[in-house]
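Asks: Residue 197 is where the sequence shown starts when you use this note's numbering, and the numbers rise one by one after that.
Among these hints, one or two may not hold up.
[To be verified] Calculated pairs, SDA-like style, for lysine to any residue (alpha carbon to alpha carbon, straight line, at most 20 Å):
(1) Lys318 - Ser262
(2) Lys282 - Ser222
(3) Lys276 - Arg249
(4) Lys318 - Leu272
[What the hints assert, rightly or not] For each label pair, taking beta carbons as the anchor points, the in silico distance ranges come out as:
(5) Ser236 - His198: 37 to 47 Å
(6) Lys228 - Ala315: 20 to 30 Å
(7) Glu281 - Phe244: 12 to 22 Å
(8) His198 - Glu281: 48 to 58 Å
None of these hints come from the bench; they were simulated from the model. Being a predicted model, the structure only gives us computed values, none of them experimental. Cβ atoms here follow ideal geometry from the backbone N, Cα and C, with glycine treated the same way.
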Amino acid sequence: FHAASMRLRSTSYRELWESSEAHGGSFRLYFKTPTYLAVSGSGYHYLFPDHERIFPNLLRIWNQFSDDERFAVEELDEYKEWLHEKMGVSQHSIATRIAHMREKKATGFTGWATYEMKARDKWSRVTVTLARYAEYSNIGGNRTGGFGVTKYRSGRDEKPELDSA
Numbered sequence: 197f198h199a200a201s202m203r204l205r206s207t208s209y210r211e212l213w214e215s216s217e218a219h220g221g222s223f224r225l226y227f228k229t230p231t232y233l234a235v236s237g238s239g240y241h242y243l244f245p246d247h248e249r250i251f252p253n254l255l256r257i258w259n260q261f262s263d264d265e266r267f268a269v270e271e272l273d274e275y276k277e278w279l280h281e282k283m284g285v286s287q288h289s290i291a292t293r294i295a296h297m298r299e300k301k302a303t304g305f306t307g308w309a310t311y312e313m314k315a316r317d318k319w320s321r322v323t324v325t326l327a328r329y330a331e332y333s334n335i336g337g338n339r340t341g342g343f344g345v346t347k348y349r350s351g352r353d354e355k356p357e358l359d360s361a
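Could you put the whole structure together from the sequences, leaning on the hints where they help?
Replies: Below, the structure written as structure tokens:
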């Protein structure tokens with residue numbers, strides 16, 4: 197095995213924040229590798245890309261590593277309320293997959309989900325920033341082990357999917 201060349205892309209937290217200023221009302225996340233969300237006190241994983249679970253966790257990760265804008269605990273509560281009232285999954289194509297990790301296995305989902313936001317305000321900008329940040333941080337459990345690899349596409353880049361039924 198010989199690597200002839202390599203390209204790395206680098207984006208600062210400030211660049212992510214500034215590039216999310218002009219956002220639309222929807223975006224799509226592609227879940228490229230199995231993704232699962234933890235359920236406290238349970239041996240099972242949550243296997244749907246629920247915005248009310250994904251984005252508060254991304255905000256916590258952002259706060260942990262960002263060298264720029266950070267959010268207070270009170271703002272996290274406000275953001276969770278906003279997610280519940282102003283955002284939803286409008287389309288998805290999700291399948292579950294089993295991934296083997298040495299002697300253990302984990303079930304995760306792959307596919308895509310389209311998210312719509314009713315408001316274009318501070319929190320919609322935060323949400324788009326976090327969706328783009330997910331390309332760097334991954335989403336869900338075992339992020340550092342290659343799970344939850346995610347790709348962001350703005351709603352302007354996507355064509356609606358037609359139901360084949």
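Asks: Now, for every hint given, state plainly whether the structure supports it.
Replies: Status of each hint after checking the structure:
Between the alpha carbons of Lys318 and Ser262 the distance comes to roughly 18 Å, so the proposed pair stays at or under 20 Å and holds. This hinted pair checks out: Lys282 and Ser222 have alpha carbons roughly 12 Å apart, not beyond 20 Å. Note on Lys276 and Arg249: the hinted pairing holds, with a Cα-Cα distance of about 9 Å set against a maximum of 20 Å. Between Lys318 and Leu272 the CA atoms are separated by roughly 13 Å; this keeps the pair inside 20 Å, and the hint holds.
Distance hint for Ser236 and His198: a CB-CB separation of about 45 Å, consistent with the stated range 37 to 47 Å. The hinted window of 20 to 30 Å between Lys228 and Ala315 holds, with their beta carbons roughly 29 Å apart. Remark: the range hint 12 to 22 Å for Glu281 to Phe244 is upheld by a beta-carbon distance near 19 Å. Hint check: His198 to Glu281, Cβ distance near 53 Å, so the stated range 48 to 58 Å holds.
Hint check: no violations occur; every hint is consistent with the structure.
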